[in-house]
Amino acid sequence: MEELKKKLKEQIIEALNLQDTKPADIDDNAPLFGEGLGLDSIDSLELMVLLERQYHIKVEDPREGRKILQSVQSMAEFIQSKQPA
Amino acid sequence: MKGKCYIQGMAAISPQPTFEGDIFSAPLVHTDSNLLACIEPDYKPFVPGNSLRRMTRVLKMGLTTALKCLQESGVATPGPIITGTGKGSLQDTERFIKEIEDYKETALNPTPFIQSTYNSVNGLIALQQKCTAYNNTFVHRGFSFENALLDSMMLIQEGEPHTLTGAFEEITAEHFYIKSRIGYWKSESTDSRELYKHLSPGTIAGEGAVFFTLAGTPTQQSYAAISGFKMLYKPVPGKLTATLKNFTTHADLIVTGRNGDSNFEHYYQELDNCFPDTPQLPFKHLCGEYDTAGAFGLWLSAHILKAQQVPQQWFSMFNQLPEHINSILFYNHFYGEQHVMILLERV
Amino acid sequence: MAERVFITGIGMVTAIGDDVAGNLQNLRLQRSGLGYSSYIDTIYKNVLPVAEVKRSSESLFEMAGIPVREGFTRTTLLGLVAMREALLHAGITDVQSAPTGFINASTVGGMCDTEKLYFDIINPEKTGLFLQYIDTLDCADCTQRIADAVGFSEHIATISTACSSSANALMFGARMIKQGMLPRMVCGGTEALTRFTLNGFNSLKNVDKQFCRPFDQQRTGLNLGEGAAYLVLEGESFVKANNSRILAELTGYCNTNEAFHPTSPSPEGDGAYEAMKAALAMSGRTLEEVTYINVHGTATLNNDVSEGKALERLFGGKVPLFSSTKPFTGHTLAAAGAIEAIFSVLAIQNGLIFPNLNFSEKMEELNITPVTELIEGYPVNNVISNSFGFGGNNASLVISKYEG
Numbered sequence: 001m002e003e004l005k006k007k008l009k010e011q012i013i014e015a016l017n018l019q020d021t022k023p024a025d026i027d028d029n030a031p032l033f034g035e036g037l038g039l040d041s042i043d044s045l046e047l048m049v050l051l052e053r054q055y056h057i058k059v060e061d062p063r064e065g066r067k068i069l070q071s072v073q074s075m076a077e078f079i080q081s082k083q084p085a
Numbered sequence: 001m002k003g004k005c006y007i008q009g010m011a012a013i014s015p016q017p018t019f020e021g022d023i024f025s026a027p028l029v030h031t032d033s034n035l036l037a038c039i040e041p042d043y044k045p046f047v048p049g050n051s052l053r054r055m056t057r058v059l060k061m062g063l064t065t066a067l068k069c070l071q072e073s074g075v076a077t078p079g080p081i082i083t084g085t086g087k088g089s090l091q092d093t094e095r096f097i098k099e100i101e102d103y104k105e106t107a108l109n110p111t112p113f114i115q116s117t118y119n120s121v122n123g124l125i126a127l128q129q130k131c132t133a134y135n136n137t138f139v140h141r142g143f144s145f146e147n148a149l150l151d152s153m154m155l156i157q158e159g160e161p162h163t164l165t166g167a168f169e170e171i172t173a174e175h176f177y178i179k180s181r182i183g184y185w186k187s188e189s190t191d192s193r194e195l196y197k198h199l200s201p202g203t204i205a206g207e208g209a210v211f212f213t214l215a216g217t218p219t220q221q222s223y224a225a226i227s228g229f230k231m232l233y234k235p236v237p238g239k240l241t242a243t244l245k246n247f248t249t250h251a252d253l254i255v256t257g258r259n260g261d262s263n264f265e266h267y268y269q270e271l272d273n274c275f276p277d278t279p280q281l282p283f284k285h286l287c288g289e290y291d292t293a294g295a296f297g298l299w300l301s302a303h304i305l306k307a308q309q310v311p312q313q314w315f316s317m318f319n320q321l322p323e324h325i326n327s328i329l330f331y332n333h334f335y336g337e338q339h340v341m342i343l344l345e346r347v
Numbered sequence: 001m002a003e004r005v006f007i008t009g010i011g012m013v014t015a016i017g018d019d020v021a022g023n024l025q026n027l028r029l030q031r032s033g034l035g036y037s038s039y040i041d042t043i044y045k046n047v048l049p050v051a052e053v054k055r056s057s058e059s060l061f062e063m064a065g066i067p068v069r070e071g072f073t074r075t076t077l078l079g080l081v082a083m084r085e086a087l088l089h090a091g092i093t094d095v096q097s098a099p100t101g102f103i104n105a106s107t108v109g110g111m112c113d114t115e116k117l118y119f120d121i122i123n124p125e126k127t128g129l130f131l132q133y134i135d136t137l138d139c140a141d142c143t144q145r146i147a148d149a150v151g152f153s154e155h156i157a158t159i160s161t162a163c164s165s166s167a168n169a170l171m172f173g174a175r176m177i178k179q180g181m182l183p184r185m186v187c188g189g190t191e192a193l194t195r196f197t198l199n200g201f202n203s204l205k206n207v208d209k210q211f212c213r214p215f216d217q218q219r220t221g222l223n224l225g226e227g228a229a230y231l232v233l234e235g236e237s238f239v240k241a242n243n244s245r246i247l248a249e250l251t252g253y254c255n256t257n258e259a260f261h262p263t264s265p266s267p268e269g270d271g272a273y274e275a276m277k278a279a280l281a282m283s284g285r286t287l288e289e290v291t292y293i294n295v296h297g298t299a300t301l302n303n304d305v306s307e308g309k310a311l312e313r314l315f316g317g318k319v320p321l322f323s324s325t326k327p328f329t330g331h332t333l334a335a336a337g338a339i340e341a342i343f344s345v346l347a348i349q350n351g352l353i354f355p356n357l358n359f360s361e362k363m364e365e366l367n368i369t370p371v372t373e374l375i376e377g378y379p380v381n382n383v384i385s386n387s388f389g390f391g392g393n394n395a396s397l398v399i400s401k402y403e404g
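If you read the sequences in order, they're chains A, B and C. For what it's worth, full-length UniProt numbering labels the leading residue of the first sequence as 1, then goes sequentially. For what it's worth, full-length UniProt numbering labels the leading residue of the second sequence as 1, then goes sequentially. For what it's worth, full-length UniProt numbering labels the leading residue of the third sequence as 1, then goes sequentially.
It should be emphasised that the hints constitute simulated quantities derived from the structure, not laboratory data. Everything numeric in this text was worked out from a predicted model, so none of it was measured. Each hint should be verified, as a subset may be incorrect.
Once the Cα atoms are required to be at most 16 Å apart in a straight line, the calculated EDC-like pairs of lysine to aspartate or glutamate come out as [stated by the list, open to error]:
hint, chain 1, residue 1, chain 2, residue 2
1, B, K179, C, D135
2, B, K98, C, D120
3, C, K116, B, E101
4, A, K67, A, E14
Looking at chain A on its own, in the form it has when it is part of the complex (with noise of 0.2 Å):
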C-alpha cells in the first residue's frame, strides 16, 4: 500500500505536470481538488486517464469518479479493490 501511495504521487505529478511538487509534498489524505492541490475539473479527468493507462481501472461514472479522487489514499485504496488479491 505505501508502495503504491509513493508510486501513485509520482504518477500524478508526471501526469499533472505539478512542476514544483513533490512525493513528499502531498499528504495520502489531503484533499486533491479545491485546496490542497489546487486541482480542477480537468484534472479529475486526467487522473481518471491515469488510472485506466497505468491500472487498466475505468471509471464510467463521473460521480463515482469524485469519490474515488479524493485523495492519494481514496485512490489507492480504490486501486487495490480492483487488483486480484
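Please arrange chains B and C on chain A, whose structure you already have, making use of the hints.
Chains B and C alone, transformed into the frame defined by chain A:
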C-alpha cells in the same frame, strides 16, 4: 472601414527580441534553417504556475502577450477581446490526433482536445482577467487577424472605449514538413537576411503573437492611428492596382509583406508600380511567413510612427528613408489569396 | 439610426433533412435524426449515437452541384448544399448582383477527411493525390471553397468560437450591415462529424450512450451531429430597394464571455443570463413578449443546470415555453447556432413550438420543464436562440416576427 481607431498599447513575442527592452537597439536574429522560431520569455511573472502547467506553447505565447499588452496600456480589465489565428494550437491538435491513434480511442486525455479549440487563448485571457465582455475568434488564414481588427474597429464605432485585439500562431516541425509538401517553403536553405534577394518558389516559415489595445480616442501615449483599412480576396487581374490607387494617393513609407516567393512576387510589383517613389520596408526577414504575420507588420509600423525612426540594425540593407514619417501604407498578402492594406497615421 | 436587419433566405442540411422543408417535416413528425454512424471510422460506431446526414460524400457532391474531386471535404460539401438552398430561397441567382459578404463558422475545418489521411500526410514515403487535402486542414478552406463555388468576393471570414461559432457569425454579419459596410450578408456554419471531435467530447465524459435527454434528471451527456445552415441577412433599405421577401427580423443579439472555466459553465448560469438579458434589451422586447426559447440544451450535466438557472433568474416564475432541438439534430457545434436560428424562423412562420424529445423527469435543481409535445397553431412572435461554448463563449439571438 470608416472611422479611425488608435493603437494605445502593444506587445509582441516574435523571432526577434521584441518582448522586452528597446527594439531600436535589439540585435537582428537570423537563420538559414528556413524557419524563424519565437524567442520565448519567462512566462511565470505573467501566468500563475498552476495555470501554466497544462498550457502548450502557443497558448502561453498568446496569453502572455495579451497580458503584457494590457500592462503596457495601463488597462486592468480589457473589455472586448478579439483575436485571429490561422492554425490555433498545432501542438495540441497534433497530439490529440496521435493519441487517438496510439491509444486506439480509449483512455484519452481531454487537455489537447480542449486546447486545440481555436478560441482557447481568448477564453484563457478572459478567465485570467475576469473579463465578461464580448469575445470572438477569427480563423481565416491571411484574414484571421484582419477580421479581428475589423471587428474591433466596428466595436469602437459602436461605442466601446477600447478593445484587446491580437493574433497568435505557431509553427511545429511537423507542420513545417506538411506545408513543405505543397511548396510553402523554399527548397534551398536561405539566409533570412538575404530573403529578398532569393527570389524563388516558396518563402521561410515563422510564428508569433502580437496584441494591441485599440481605442476610439487618442492620448499622449498613442502609437498610431489606423485611418484606412481594406481586405481584398483573390483579386482578379487589375483589381489590386485599382484598389491600391483608390485606397491612398500618398504615404511617407510603405511597410510590405514581401517574402521572396517568386510565385506571388507579382503582387508586390503591382505595389511598386503604384508607388514608385515611396520608400519600402519589408518585414518578413524578421518574423517569417505565417497566417497572422500581418499583426507583426502592423506592430512594427506603429513603433516606427511613434518613434519617428526605424530599427536600423534590422534594416541595414535599406537606406534613404524619409526624415519625417507621418503616414505608413501597410500592404501584405498570404499566398496570393488574402490581401490587406492598412493606412496608419502619426498621432 | 442603424438599419434593421431582416432574414430573407434560409438553407440547411441536417440529419433530419436535406433541406429546410425536410427539416420542418421531421420536426413536425417528431422524428429524430439520431442513430449510428455509417461514415466515421471509429470504435464507437455502434456505441455512441450521432445525428449523421444520411448521405455519402459522393451523394453530397451531386446535391452541391459539383463534380467529384479531391480537396472537397464533407465539411465543404455540407456547407455548399445549405448555401445553394439559402441563396435560391432568397431569390439570389448571382451573388455579385449586390455587394454580399460571407461569414462562415467552423470548429475543426476539414478534419473529417484529413484525420483519415493525416498519417500519410506526415509520412515522407507516401505520396499521391491525398496531398491536395493538406490545405483543408484549416477552417478557412471550407469557407473559401464555398465562396469560390458561388462567387462571393466582397468580404469573407471564418469564425471559430466552439459551439457558439455560427451564432457569432450571424451577429458579425448583422453588425456589418448596421454599420453600412455591406447591404447583404450570408451567415452560418458547417460541421461534419469527425473521430477527432467524438473522441474529444468522449474524453470529457460528456457523451451519452443513449439518445440525449436535454433538461432531464437522468441525462448524462450530448450526442454529436453534423450539418450546415446559412441565413441571408439584408438591411432594411436594401430589402425595400430589392423588394425582398422578409421571413423574420434579427432584432437582438449578444456575445459575452463567462470567464469561469475553460469548458464548464458557471453553476448559476451567469454568462447565459447576461447574454439573454442583453440580447432581449437590444431587441426592445419585454420578458413577457418572448414566446419561445430554443435553448442550447446539450444535455450535459453542467450545461442544462446552468442554462436552466439562467432562465429562472431572468424570467422568474414565468419562464416561456422552451425546448432543445438537439435530440433531433444532435449537437452540430459550429453549425448549431445557424440551424437553431432557422428553427426559430420556422417556429415563427408556421406557428410551431418544437418538442424537447426524450424528456421524462424534471431536474432536481430546477422548477421548470421543457415542452414535450409539438404545439401547432401557436402565435410565435419572439424567439430567443441560445448557443454556448467552450472558452466561456456565450451567444444569444432574438429572432422576431416581421410586423412592418
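- Query: In ascending order, which of the hints set out earlier in this document are inconsistent with the structure?
  - Reply: Hint 4 contradicted; others consistent.
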